[in-house]
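There are 2 protein chains.
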Amino acid sequence: MDVKDYMQGLGRAARAASRVLARADTNAKNEALLAMADAIVRDADKLLAANVADLDAARAAGLDAALLDRLALTAKGVAGMADGLRQIAALPDPVGEMSEFAYRPSGIQVGKMRVPLGVIGIIYEARPNVTADAAGLCLKSGNAAILRGGSEAARSNQVIAACVREGLRAAGLPEAAVQVLETTDRAAVGELITMTEYVDVIVPRGGKGLIERVSREARVPVIKHLDGICHVYIDGDADLDKAVRIADNAKTHRYGTCNTMETLLVAQAIATSVLPRLGRIYAEKGVELRCCPESLSILREAGIPAIEATEEDWRTEYLAPILAISTLPGLDEAIAHINEFGSHHTDAIVTENYTRARRFLREVDSASVVVNASTRFADGFEYGLGAEIGISTDKIHARGPVGLHGLTSQKWVVLGDGQVRA
Amino acid sequence: MDVKDYMQGLGRAARAASRVLARADTNAKNEALLAMADAIVRDADKLLAANVADLDAARAAGLDAALLDRLALTAKGVAGMADGLRQIAALPDPVGEMSEFAYRPSGIQVGKMRVPLGVIGIIYEARPNVTADAAGLCLKSGNAAILRGGSEAARSNQVIAACVREGLRAAGLPEAAVQVLETTDRAAVGELITMTEYVDVIVPRGGKGLIERVSREARVPVIKHLDGICHVYIDGDADLDKAVRIADNAKTHRYGTCNTMETLLVAQAIATSVLPRLGRIYAEKGVELRCCPESLSILREAGIPAIEATEEDWRTEYLAPILAISTLPGLDEAIAHINEFGSHHTDAIVTENYTRARRFLREVDSASVVVNASTRFADGFEYGLGAEIGISTDKIHARGPVGLHGLTSQKWVVLGDGQVRA
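Protein chains in written order, with this note's numbering: chain A, 1 to 422; chain B, 1 to 422.
Hints may be right or wrong, so weigh each one.
Copies of the same chain are indistinguishable here, so a pair counts whether it falls within one copy or spans any two.
[What the hints assert, rightly or not] Here are the computed lysine-lysine pairs in the DSBU-like style, where the Cα-Cα straight-line distance is at most 30 Å:
1. Lys76 - Lys285
2. Lys224 - Lys46
3. Lys208 - Lys285
4. Lys411 - Lys208
5. Lys76 - Lys112
6. Lys76 - Lys224
7. Lys242 - Lys411
8. Lys46 - Lys76
9. Lys208 - Lys242
10. Lys208 - Lys76
11. Lys285 - Lys242
12. Lys112 - Lys242
These are calculated hints, taken from the structure and not from any lab test.
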């Protein structure tokens with residue numbers, strides 16, 4: 001079958017289903033989510049067997065260990081997938097929320113109503129749990145979804161897709177509300193991201209290569225994040241204990257996440273007090289330190305191993321036990337460094353100084369700006385969104401962690417009593 | 001000079017200026033706006049003379065009457081331009097608004113801060129007043145602007161641009177905060193809409209051809225609206241007087257605006273009562289009526305001239321004294337017609353029926369949905385935004401009339417006391 005025809009068919013069905021979902025009541029959506037969760041729990045063995053087959057094929061194809069790790073499902077992971085759907089069912093329905101109503105001098109009353117975006121295309125790589133998460137978030141926010149998972153997870157994804165369809169059927173919702181691509185033809189992605197008449201937004205989730213390709217070729221708007229080059233700036237007036245605790249956690253809590261600190265900035269006034277303490281912690285945990293000359297000499301004097309950084313280090317998302325460190329005169333230089341070399345994801349200041357905290361919040365141009373807390377908090381669950389479809393470093397539409405609200409739009413509602421324009 | 005180099009230079013300067021504007025205080029921005037207004041009032045004669053030269057050249061080039069009309073400035077128009085800037089100065093500053101702060105179980109406090117988008121590129125056609133409006137809206141919302149007006153208005157625009165720069169200087173703000181292109185080379189537009197490193201959003205204002213070209217070729221996100229195919233649906237339970245007043249106003253108040261009704265939908269139950277009354281009003285005002293067979297026979301029976309519509313009429317934005325009319329069984333068919341043939345701009349229902357009004361609001365997928373008022377209210381001033389840069393029919397980011405808030409984004413703010421992720 002022709003890929004273009006196949007994708008157009010999917011698009012048409014998704015658009016039609018999106019109209020039904022937009023007016024579906026909250027009970028029906030929640031019923032579908034709970035039925036999906038039940039089906040996943042019931043079919044856990046079947047799903048795990050499909051996942052073993054995916055893993056065998058991936059190993060035979062020589063795929064790397066990191067990918068195999070993302071692909072692998074455990075019994076606990078399957079239970080977590082079902083729990084995630086139940087948690088989405090428990091969240092308030094964002095669709096139809098009305099706000100900001102006010103009377104205007106003409107006598108009309110004007111406000112906003114939250115509405116679904118329509119059809120959301122999600123393109124992801126190995127992790128099969130994205131199939132359930134994305135289906136759940138799109139459904140709850142009243143959107144139809146077209147999901148394109150990685151070819152290496154095809155068997156796992158099709159089992160999950162069957163559970164999703166079963167849940168939709170159980171609640172009397174159209175099965176085309178969530179469609180999982182049955183082709184792994186790369187041309188299908190090209191169609192998906194250019195079908196502007198059928199798809200309202202694309203969310204790519206995966207490596208930088210995938211996201212760059214999608215951003216470059218898409219004609220449909222994209223909610224994306226590329227790098228997470230996050231900073232912690234330890235100000236001259238920082239509380240030393242907070243600084244050490246935060247800079248340790250931001251780097252070493254998890255190395256591979258996008259909200260992990262990649263560059264530590266330290267004010268000159270406090271560098272000799274804080275760098276040796278932190279350096280010892282990093283050294284114990286095996287974190288390689290790449291430093292500006294000043295930081296390097298402080299660390300070496302304290303007997304802590306470190307090497308010299310190149311400019312490339314300030315622009316690198318390591319996703320690994322490596323940390324770039326720069327000592328700077330103060331706040332102005334820290335803000336300039338972050339705005340120039342950062343990726344506008346999440347940046348933190350540690351300080352007890354009110355005015356500098358306030359300036360940092362206003363002047364650092366990032367999706368999340370943080371005072372006296374770890375960058376690791378930049379996450380939909382920690383922010384109270386209940387779930388997240390991704391973290392956006394764009395400024396248009398959704399910025400930072402994207403939850404149910406980020407998958408909606410607001411329309412204007414005008415209520416009158418026969419008013420006309422004079 | 002090479003167009004690419006020229007545009008890159010403008011982009012770099014705009015990006016640098018945007019950082020200054022993002023932290024500029026409200027007083028400085030308002031002072032600049034008022035100084036711009038004063039300079040325009042002072043230079044009114046110079047501006048009118050430049051406009052006469054633009055008009056002479058446009059006439060000599062054989063440009064059409066509609067374009068000459070949009071290009072022409074009057075003394076009153078110049079005063080209105082200055083007033084518009086003063087009104088923008090009087091609006092609340094959206095930048096830095098903080099909202100939704102709440103404590104999370106971890107002890108961090110999470111909320112949002114409103115921030116500028118950065119650099120906004122505006123591409124428009126003949127109307128010189130857009131130069132002042134757009135400069136004012138971008139400045140107040142803390143964004144740098146790159147403005148590309150129509151070549152036919154080049155002399156007028158440069159006089160306005162000089163006043164804008166004078167205002168920025170008077171307030172100590174960088175002149176590069178508002179840059180008006182000095183080239184009319186079409187390649188400059190191609191650069192502007194693809195310089196993703198320097199431009200955060202493009203707002204095209206003008207005819208469909210311009211907007212389609214920009215949408216097709218842009219790599220920078222676009223806030224746009226294409227057609228305004230607006231509907232009024234007169235329900236079976238409509239109040240007849242309200243229906244007549246609204247359907248008259250929505251069509252005949254102004255023919256050339258995007259929120260003008262282009263198609264009238266009438267419930268069968270009320271068609272014989274309402275169509276003859278409305279038909280007589282339209283006939284008196286010289287509005288051509290293009291009708292479905294049922295509407296046609298009702299109108300002809302009442303002796304009102306009308307012709308048969310083709311399917312093309314349901315998809316046409318006339319911007320002229322022409323109206324398409326369809327009689328339908330009821331609400332379901334009206335909603336289906338609007339969602340299929342409309343342009344998701346502004347659609348109204350006239351009814352006294354609570355349940356049908358509520359369904360119309362929820363199920364019509366348009367930027368503005370209206371009960372018992374004219375579609376002509378869909379406008380930034382009428383909605384209380386104070387000003388508007390355009391009306392978006394997109395769902396992503398800004399929908400409907402776009403005012404100062406539509407030119408901003410929100411970042412997340414996290415306030416802690418040393419919290420780390422467990």
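Against the structure, the hints come out as follows:
1. Lys76 - Lys285: within (28 Å within a copy, 72 Å between copies)
2. Lys224 - Lys46: Close neither inside one copy (33 Å) nor across copies (48 Å); limit 30 Å.
3. Lys208 - Lys285: Close inside one copy (27 Å), not across copies (60 Å); limit 30 Å.
4. Lys411 - Lys208: Between. Shortest inter-copy distance 23 Å satisfies the 30 Å Cα cut-off; intra-copy 33 Å does not.
5. Lys76 - Lys112: So Lys76 and Lys112 fail the 30 Å test inside a copy (42 Å) and across (35 Å) alike.
6. Lys76 - Lys224: within (29 Å within a copy, 47 Å between copies)
7. Lys242 - Lys411: between (44 Å within a copy, 24 Å between copies)
8. Lys46 - Lys76: For Lys46 and Lys76, only the intra-copy Cα distance (14 Å) is at most 30 Å; the inter-copy one is 76 Å.
9. Lys208 - Lys242: neither (33 Å within a copy, 57 Å between copies)
10. Lys208 - Lys76: within (29 Å within a copy, 54 Å between copies)
11. Lys285 - Lys242: within (19 Å within a copy, 75 Å between copies)
12. Lys112 - Lys242: Classified as between: cross-chain Cα gap 24 Å, same-chain 42 Å, threshold 30 Å.
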